[in-house]
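**Q** Top line first, the protein sequences correspond to chains A and H.
Following my numbering, the numbering of the first sequence begins with 685 at its first residue and continues without gaps.
Following my numbering, the numbering of the second sequence begins with 1468 at its first residue and continues without gaps.
I should point out that these hints are in silico values taken from the structure, not numbers from a laboratory.
One should not assume that every hint holds.
Under 8 Å between C-beta atoms, here's a sample of chain H residues computed to sit facing chain A [stated by the list, open to error]: (1) A1535; (2) L1637; (3) G1642; (4) R1644.
Glycine included, C-beta positions come from ideal geometry on N, C-alpha and C.
Each chain, written out:
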Amino acid sequence: MKRRSVLAGLAAAFTAGCAKVGESETFASLVDGAEKLHRGAHRLLGGRQAMAREYSVADISPYFRGNGNTDIETDFYRAHQASNFADWRLEVRGLVDRPLSLTMNQIRALPQRTQITRHDCVEGWSAIGQWTGPQLSAILDAAGLQDGARFIVFRCADDFRGIPYYESCDLDDAFHPQTLIAHELNGEPLPVRNGAPLRLRIERQLGYKHAKYLTAIEAVASLDGIGAGGGGYWQDRGYQWYAGI
Amino acid sequence: MKRHALSTRIWHWVNAVSLVVLFMSGLNISNAHRRLYWGEWGFAPEQAWLHIARFPGWATIPGYYSLAKARDWHVLFAWVFGLSLLLFLIAALINGHLRRDLSSHRHEWRLSSIRTDLAAHLRLRFASASGKYNFLQKTSYSLVIFILLPLMILTGMAMSPGMDAAWPFLSQMFGGRQSARSIHFIVAWALFAFTVGHVLLVLLNKPIGNLIAMFTGGRIDETA
């Protein structure tokens, strides 16, 4: 018992020291450096367009876990839910030549891609599902990306205590063949818990990048001034923007 | 001649610090999802092979639950851990540490000599003054350096979705991402057990002298 309290005391002293280090600016810049290193190392080892693994129908999980926001209790969302999202629209705006406001029918009329991939949550769990939807690249090409655009921002209908969810990615991921605006999961329209009617699939990164309940896509030159500037709801709360690790 | 080469001493302490940081931040990460699965996927209680207890704040980095901060520590020190191991192995290959001190001869693998070694160990008789490791030290150090530590790196990388796109064989060789995560957890505790045993044996055998030698390099007693 005494030895255990000595051990606990040592651990407490160590964690107190770590807390000091963890709040320093040097530590923050080291963490940022590591984040860039991870993105660089992954792109170097696999190429910028390395494909995420795809699975067979037999590998699909019995159901697909919903996480984060799994419903939206607003009149706006409830009205769309009541009409099976027939009038839902996806806006494409920002640094594009032709801003768009796509209907669900227009999204379904674009060339479709279907892929069975593994979804890895930052918490540690994984699920396998089959996603269908147009490639984001097709939508961006239709809108005509301007030269200054460096990031794509995804706007969502859900929020946490009034703070809207959003996400962003670089152009490598935006134009990656497996990056989809998905409207189907396992051959059915997206369930509400998984982001109905539209969610992002960005297969080489963790679950929080896969924004749900999409309302708009914005091409921007910088992530400054959007949310708290981190590039996403969770990034503004300390999570890393590059979520490939 | 020194008992421990400079490269061995530097690596020993860098590795000790990074293992402690990785273990404690890892316990914080474990608190984010306290179940383990086999295969590629798993997310629900009925799919789990192990339900893990919540680790208390005093055992985690940071000392309160923060998945974001724990991940910052974990993936930063993963680089320190991985690169220092690589540099140590290169140095140990060049300076002969691997061949001279860690490789065992066939006669040491005989049951009778293992029994003799074990009996001496249990009576706390160590031949460390000669600078030579006995069979149990050689095999446990080799197990850690060549199997357990590399397994931590490989299973860690196998869990990264970016790495999985680049090198899919990593998670496939462990039988899937959730298997890699399970093995990562098991090997982390195997390393914890090794560390406890390692520290206990140092404490039982001239702790001050051994500790100083791990900083200064010490001397080999030719008469021992």
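**Q** All hints are to be evaluated individually against the structure, with a verdict given for each.
**A** Hints and how they fare:
no., hint, in the structure
1, A1535, "holds (4 Å)"
2, L1637, "violated (11 Å)"
3, G1642, "violated (13 Å)"
4, R1644, "holds (5 Å)"
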